[in-house]
Amino acid sequence: MTDKSTSDERYTVPGLARGLQLLMQFNRDERELSGAELSRRLDLPRASVFRMLFTLEQSGFLERCPDGVSYKLGLGVLRLGFELLASMELTEVGRPVIESLRDRSGFSAHLVVRDARDVVFIAKAPGGNAMFHSIQVGARLPAHATVLGRTLLSDVSLKDLAALYPEKTLPAYTPKTPTNLQDLKVLIDQDRHKGYGVSMGGYETGISTIAAPVFDGQGRVTAAISISVPSQRIEDDALMPLVDLVKLASAQLTERLTHLPQRSVSQHKTKLKPAP
Numbered sequence: 001m002t003d004k005s006t007s008d009e010r011y012t013v014p015g016l017a018r019g020l021q022l023l024m025q026f027n028r029d030e031r032e033l034s035g036a037e038l039s040r041r042l043d044l045p046r047a048s049v050f051r052m053l054f055t056l057e058q059s060g061f062l063e064r065c066p067d068g069v070s071y072k073l074g075l076g077v078l079r080l081g082f083e084l085l086a087s088m089e090l091t092e093v094g095r096p097v098i099e100s101l102r103d104r105s106g107f108s109a110h111l112v113v114r115d116a117r118d119v120v121f122i123a124k125a126p127g128g129n130a131m132f133h134s135i136q137v138g139a140r141l142p143a144h145a146t147v148l149g150r151t152l153l154s155d156v157s158l159k160d161l162a163a164l165y166p167e168k169t170l171p172a173y174t175p176k177t178p179t180n181l182q183d184l185k186v187l188i189d190q191d192r193h194k195g196y197g198v199s200m201g202g203y204e205t206g207i208s209t210i211a212a213p214v215f216d217g218q219g220r221v222t223a224a225i226s227i228s229v230p231s232q233r234i235e236d237d238a239l240m241p242l243v244d245l246v247k248l249a250s251a252q253l254t255e256r257l258t259h260l261p262q263r264s265v266s267q268h269k270t271k272l273k274p275a276p
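Using my numbering, you'd call the opening residue of the sequence shown number 1 and step up by one each time.
Keep in mind that the hints were calculated from the coordinates and are not lab data.
Quick caveat: nothing in here was measured; it's all calculated off a predicted structure.
Don't take each hint at face value.
[To be verified] Each computed SDA-like pair below joins lysine to any residue, with the alpha-carbon atoms no more than 20 Å apart:
id, residue 1, residue 2
1, Lys176, Lys159
2, Lys247, Ile234
3, Lys72, Gly60
4, Lys159, Thr179
5, Lys247, Leu187
6, Lys72, Glu30
7, Lys72, Leu257
8, Lys159, Leu170
9, Lys194, Glu235
10, Lys194, Asp244
11, Lys194, Pro241
12, Lys185, Tyr203
13, Lys176, Gly206
14, Lys176, Asp160
15, Lys185, Tyr173
16, Lys247, Gly106
17, Lys247, Ser100
18, Lys159, Asp183
19, Lys185, Asp118
20, Lys159, Tyr173
21, Lys72, Leu90
22, Lys72, Leu56
23, Lys176, Gln232
24, Lys168, Ala116
25, Lys72, Pro126
26, Lys72, Gly106
27, Lys159, Gly68
28, Lys168, Thr179
29, Lys185, Gly206
30, Lys247, Pro126
31, Lys176, Val198
32, Lys247, Asp237
[Stated by the list, open to error] What follows is a set of in silico ranges between Cβ atoms, one per label pair, in the way DEER data are often shown:
id, residue 1, residue 2, range
33, Arg51, Asn180, 31 to 37 Å
34, Asn180, Val69, 30 to 36 Å
35, Leu42, Ala172, 25 to 31 Å
36, Asp183, Pro241, 27 to 33 Å
37, Asp103, Glu57, 35 to 41 Å
38, Ala116, Gly15, 34 to 40 Å
39, Val137, Ser100, 27 to 33 Å
40, Pro14, Gln182, 46 to 52 Å
Where is the CB? At the ideal position from N, CA and C, for every residue including glycine.
Kindly generate the complete structure, drawing on both the sequences and the hints.
Quick look at the structure:
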């Protein structure tokens, strides 16, 4: 009689199984692991592990950490299903923040993250305008062409930005879209200096967006919070009160993610080194 476990093994793909086992080494307590550590845990040759790491990084399931040695889970895991979003700390903690922002501002609020050159919507709080109900969780926008993307790119160095956008001309969506790396960097730096970004009809006619960055415990931009106003232009007397609400929401989410008091969050942001 054939042993069932032996029979089942005929249908397994060892390489895939090892890759999944590697991904499962990451968790909320161990978010960053080096190739050497993964090799030790999996009891596999470093060369094999580094090939798996390269493959998973190319597929977007892993990202290289700033230290150049460690890896962390990438946003590619979201493509496996939106159900995963419900279990993400960022989404769980961020949803009540953007719902409060929606209630205070009267406009649709969103929580977004960056996946390479894309902005990905991971939570939304729809306002009363039906125009924004069509923006679904998981929707993607080009980072370079949106104030959301430029907010998320605000701590990316010029060298890494050039690697992300190697082409000479970037796709234009409106006359306000930056079409080269230099123009994009100027807009990123301007928004980073202010601590928020505003786009009035910059990506889509008739829609204005206000965005502010959310930081993790290491001072890196991990997400952005925004509101969408159904207007080609926000009048000056209405703009800054809305900006203050968005900045307050981003500070609240930063505080919840980093477990720092509001004052510490403010100091934490001012200590950030500008991207060269």
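Tested hints:
1. Only pairs whose Cα atoms come within 20 Å are accepted, and Lys176 paired with Lys159 is rejected, the gap being roughly 24 Å.
2. For a cut-off of 20 Å, the pair hint linking Lys247 to Ile234 stands: about 17 Å separates their Cα positions.
3. Only pairs whose Cα atoms come within 20 Å are accepted, and Lys72 paired with Gly60 is accepted, the gap being roughly 11 Å.
4. Annotation: proposed proximity of Lys159 to Thr179 holds, straight-line Cα distance about 18 Å (limit 20 Å).
5. For the suggested pair Lys247 and Leu187, the alpha carbons sit about 18 Å apart, so the restraint of at most 20 Å is met.
6. At roughly 9 Å between alpha-carbon atoms, Lys72 and Glu30 fall within 20 Å of each other, so this suggested pair holds.
7. A C-alpha spacing of about 17 Å is found between Lys72 and Leu257, which places the hinted pair at or below 20 Å, so the restraint holds.
8. The suggested pairing of Lys159 with Leu170 holds, with an alpha-carbon distance near 17 Å, which does not exceed 20 Å.
9. Using a Cα cut-off of 20 Å, the hinted pair Lys194 and Glu235 holds, with the two alpha carbons roughly 19 Å apart.
10. Between Lys194 and Asp244 the CA atoms are separated by roughly 12 Å; this keeps the pair inside 20 Å, and the hint holds.
11. In summary, the hint linking Lys194 to Pro241 is supported, as the alpha carbons are separated by about 15 Å, within the 20 Å threshold.
12. Proximity of Lys185 to Tyr203 is assessed by CA-CA distance (about 17 Å); at most 20 Å being required, the pair is judged to hold.
13. For the hint pairing Lys176 with Gly206, the CA-to-CA distance comes to about 13 Å; that is within 20 Å, so the pair holds.
14. With a C-alpha separation of about 23 Å, the suggested pair Lys176 and Asp160 falls outside the 20 Å cut-off, and the hint is violated.
15. For the proposed pair Lys185 and Tyr173, the alpha carbon gap of about 17 Å is at most 20 Å, so the pair holds.
16. With a CA separation close to 15 Å, the supplied pair Lys247 and Gly106 stays within the 20 Å bound.
17. For the proposed pair Lys247 and Ser100, the alpha carbon gap of about 13 Å is at most 20 Å, so the pair holds.
18. Our distance criterion of 20 Å between C-alpha atoms is met by Lys159 and Asp183, whose separation comes to about 15 Å.
19. Taking the CA atoms of Lys185 and Asp118, the gap is near 16 Å; set against the 20 Å cutoff, the hint holds.
20. Between Lys159 and Tyr173, the direct Cα distance comes to roughly 25 Å. Violation of the 20 Å bound is thereby established for this hinted pair.
21. A threshold of 20 Å between alpha carbons decides the hint, and for Lys72 with Leu90 the separation of about 15 Å falls inside it, so the pair holds.
22. Using a Cα cut-off of 20 Å, the hinted pair Lys72 and Leu56 holds, with the two alpha carbons roughly 11 Å apart.
23. In summary, the hint linking Lys176 to Gln232 is supported, as the alpha carbons are separated by about 13 Å, within the 20 Å threshold.
24. Our distance criterion of 20 Å between C-alpha atoms is met by Lys168 and Ala116, whose separation comes to about 18 Å.
25. Distance restraint check for Lys72 and Pro126: the Cα-Cα separation of roughly 31 Å exceeds the 20 Å cut-off, and the hinted pair is therefore not satisfied.
26. Of the supplied pair hints, the one linking Lys72 and Gly106 is violated, its CA atoms being roughly 36 Å apart against a limit of 20 Å.
27. Taken as a hint, the Lys159 and Gly68 pair is honoured in the structure, with Cα atoms around 14 Å apart against an allowance of 20 Å.
28. Between the alpha carbons of Lys168 and Thr179 the distance comes to roughly 8 Å, so the proposed pair stays at or under 20 Å and holds.
29. The suggested pairing of Lys185 with Gly206 is violated, with an alpha-carbon distance near 25 Å, which exceeds 20 Å.
30. Note on Lys247 and Pro126: the hinted pairing holds, with a Cα-Cα distance of about 19 Å set against a maximum of 20 Å.
31. With a CA separation close to 12 Å, the supplied pair Lys176 and Val198 stays within the 20 Å bound.
32. With a C-alpha separation of about 17 Å, the suggested pair Lys247 and Asp237 falls inside the 20 Å cut-off, and the hint holds.
33. In this structure the supplied range 31 to 37 Å holds for Arg51 paired with Asn180, their Cβ-Cβ distance being about 36 Å.
34. Between Asn180 and Val69 the C-beta distance comes to about 32 Å, which sits within the given range of 30 to 36 Å.
35. Restraint check, Leu42 to Ala172: a C-beta distance of roughly 46 Å breaks the suggested window 25 to 31 Å.
36. Checked against the hint of 27 to 33 Å, the C-beta distance between Asp183 and Pro241 comes to roughly 30 Å, which is consistent with it.
37. About 40 Å separates the C-beta atoms of Asp103 and Glu57, a value consistent with the hinted range of 35 to 41 Å.
38. Checked against the hint of 34 to 40 Å, the pair Ala116 and Gly15 fails, with Cβ atoms roughly 24 Å apart.
39. At about 18 Å, the CB distance of Val137 to Ser100 disagrees with the hint of 27 to 33 Å.
40. The supplied range of 46 to 52 Å is met by Pro14 and Gln182, whose beta-carbon atoms lie about 48 Å from each other.
Taken one by one, the earlier hints fail for this structure at numbers 1, 14, 20, 25, 26, 29, 35, 38, 39, listed in ascending order.
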